[in-house]
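Trainee: Okay, here's what each chain looks like letter by letter:
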Amino acid sequence: MTIQTIKCGFLPLADAAPLIIARELNFARDEGVDLQLVKQPSWAALRDLLALGQIDAAHMLSPMPIAMTLGQSGLPTTVDALMVLSVNGTVIGVSNSLARDMESTGWRADFTSPAKAATALFATGRKHIRIGTPFPFSMHRMLIEHWLSAHPSFRSNRVEIITVPPPRMAAAMADGTLDMFCVGEPWGTAAVQQEVAELILPGSSIWQFAPEKVLGATRAWIDANPDTCRRMMRAIYRATQWLDQPRNKPLAVEILARSQHIDLPHEAIDPAISGQIVTRKGAAPTTPAHFLFFNNSAGNFPWRSQAAWISERIAAWSGLNIQDAVQRGSASFRSDLFRANLESLGVDMPGASAKIEGALHNPTAVASTKGQMILGPDAFFDGAIFDFDMSD
Amino acid sequence: MDTALKILVVEPDAARAQDIIDALKDGGWGSVFIVAEISALAPKLTEIDPDIVLIDLAHPDRDTLEHIGHVSHAQSRPVAMFVDRSDSDLTQAAITAGLSAYVVDGLQKNRIKPVLETAIARFKMVEQMRLELDAAKQALTDRKTIDRAKGLLMTARGIDEDSAYGLLRKTAMDQGRKVIDVAQALVTAADLLG
Chain E
-19 MTIQTIKCGF LPLADAAPLI IARELNFARD EGVDLQLVKQ PSWAALRDLL
31 ALGQIDAAHM LSPMPIAMTL GQSGLPTTVD ALMVLSVNGT VIGVSNSLAR
81 DMESTGWRAD FTSPAKAATA LFATGRKHIR IGTPFPFSMH RMLIEHWLSA
131 HPSFRSNRVE IITVPPPRMA AAMADGTLDM FCVGEPWGTA AVQQEVAELI
181 LPGSSIWQFA PEKVLGATRA WIDANPDTCR RMMRAIYRAT QWLDQPRNKP
231 LAVEILARSQ HIDLPHEAID PAISGQIVTR KGAAPTTPAH FLFFNNSAGN
281 FPWRSQAAWI SERIAAWSGL NIQDAVQRGS ASFRSDLFRA NLESLGVDMP
331 GASAKIEGAL HNPTAVASTK GQMILGPDAF FDGAIFDFDM SD
Chain Y
1411 MDTALKILVV EPDAARAQDI IDALKDGGWG SVFIVAEISA LAPKLTEIDP
1461 DIVLIDLAHP DRDTLEHIGH VSHAQSRPVA MFVDRSDSDL TQAAITAGLS
1511 AYVVDGLQKN RIKPVLETAI ARFKMVEQMR LELDAAKQAL TDRKTIDRAK
1561 GLLMTARGID EDSAYGLLRK TAMDQGRKVI DVAQALVTAA DLLG
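Protein chains in written order, with our numbering: chain E, -19 to 372; chain Y, 1411 to 1604.
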């Protein structure tokens, strides 16, 4: 088997784990792929290198391929999400002073109730709340907006969303640039350890099944390299399976901490992988449900309805025709390639490629090729339901 | 020359910023502005309303700049464009030099290209100097480590400097490693053993 080289861009975050594990544990090598991981300083840099063909594939925020395809981010380029790399894994934190203000309204942090937290937030009477998220086209921003805009006291001029690179989130809290943030691990934990923030909610409390990172590639590259693409997907899929085995987690933390790819200490990576989150300095860790996972519950399947949900948000931000954006954007999530390329690994495939987003409040068995699939839950905290017309 | 073009350079390093300003001014562009702190970027964008923003490709604050671009008013919205995709030589040159450009929508390409070419040439030079400086610093650190390792061997084995170096070299060759790696291992071990 000839070895195919793939240059894959990533940002040094805990959820880049599937790529690092695929490389370090030789899942890639077993598929005849030399998976070269190319660290990037920002999402913008990663996006530009992908659009210009300097890298072949990338660890991306789930809205990025759609934003690029719709011409809203960088050079307009048709970019597809081949699979979801991780589900959930973000945290929302507030400054110590905002936490005190919220407590003065009678609220007590429970790390589970978005509605109560929003009520307390608006009841503080603060007129202008500045919230940091990592990129304009990020699930973080979408979750924050879905959460706060659902509240009756929400006014768009009370909330300002600011982009801050994750490694600087803690500093921006410390110097008062931000009152709140939504960020992926380990950066929420870092802010707690530095005693500049308290975590009030996991992202999963807003949407229980939010596709967080995806494996992206340009459609031009995918079409030109079908075999290499298949091998890459197989390798990374196997890495996600490995990562979700509870017995492998301690080893996963070791490998991630030791690898040259993420320059972070053991204690920064452990909370994300183990799902044990310390929400304020000195508190006992809490274990939120479905905090971050890589493979369980058909987590890797790129649901076209997830893409439709994301597309609708982007269309609203950018003033695009919603129907057109949903149609073009949902084609970016390649459930067809996922089926074609991973069937041979014995992956259980769902009967449909779209679902009603938000409908599942409990784990639910659904029709699948092997008849063993249990999905969800994927409910939104406010009971919102998104049923897109996916017939084409 | 296209003196009406307003160019904003985001660069925290004062010397490097001055270098780029000088190059652009020499090229005939008079309206060149600099911003060092990303926190000052939003007000500066509103105040200057630049036609082109130049920023290091690897600058970690690019994502923040993108966001400001998205929320600012449409008429002065800087969009990441690099260069024209059809001009692959210029694109390649920009990437190699580590330069990214944000250009206000609708600005004609023939006005952008000379600015980019000038900036690319300057970025390249600065990048080259940085690489050389890094290499020199590394060489100095390596030499210190090797000197310490030699000293440890001389004391422990009662041999002279040349023999100590010879021993390091032979060990490195036998193990297929670099001299500096063997020296580093020895120094680390010595530190651990106290």
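These are calculated hints, taken from the structure and not from any lab test.
Source: prediction; values computed, not measured.
Hints are not guaranteed to be accurate.
Unchecked claim - Dumping the calculated DSSO-like pairs for lysine-lysine here, alpha-carbon to alpha-carbon at most 27 Å:
1. K1534(Y) - K(-13)(E)
2. K1435(Y) - K19(E)
3. K1523(Y) - K1554(Y)
4. K1416(Y) - K1523(Y)
5. K107(E) - K96(E)
6. K96(E) - K261(E)
7. K1454(Y) - K1416(Y)
8. K107(E) - K1454(Y)
9. K19(E) - K261(E)
10. K19(E) - K1588(Y)
11. K19(E) - K(-13)(E)
12. K1435(Y) - K1416(Y)
13. K19(E) - K1534(Y)
14. K1554(Y) - K1588(Y)
15. K1435(Y) - K1580(Y)
Trainee: Give a verdict on every hint.
Mentor: Here is what the structure says about each hint:
1. K1534(Y) - K(-13)(E): Given pair K1534(Y), K(-13)(E) holds - Cα atoms ~24 Å apart, limit 27 Å.
2. K1435(Y) - K19(E): violated (34 Å)
3. K1523(Y) - K1554(Y): violated (46 Å)
4. K1416(Y) - K1523(Y): holds (14 Å)
5. K107(E) - K96(E): holds (18 Å)
6. K96(E) - K261(E): OK: K96(E) and K261(E) at ~22 Å, within 27 Å.
7. K1454(Y) - K1416(Y): Measuring from Cα to Cα gives roughly 12 Å; hence the hint holds.
8. K107(E) - K1454(Y): holds (25 Å)
9. K19(E) - K261(E): violated (31 Å)
10. K19(E) - K1588(Y): holds (25 Å)
11. K19(E) - K(-13)(E): holds (10 Å)
12. K1435(Y) - K1416(Y): holds (12 Å)
13. K19(E) - K1534(Y): Distance of about 21 Å is within 27 Å: holds.
14. K1554(Y) - K1588(Y): Answer holds: K1554(Y) to K1588(Y) is near 15 Å, not above 27 Å.
15. K1435(Y) - K1580(Y): Status violated; Cα separation ~55 Å.
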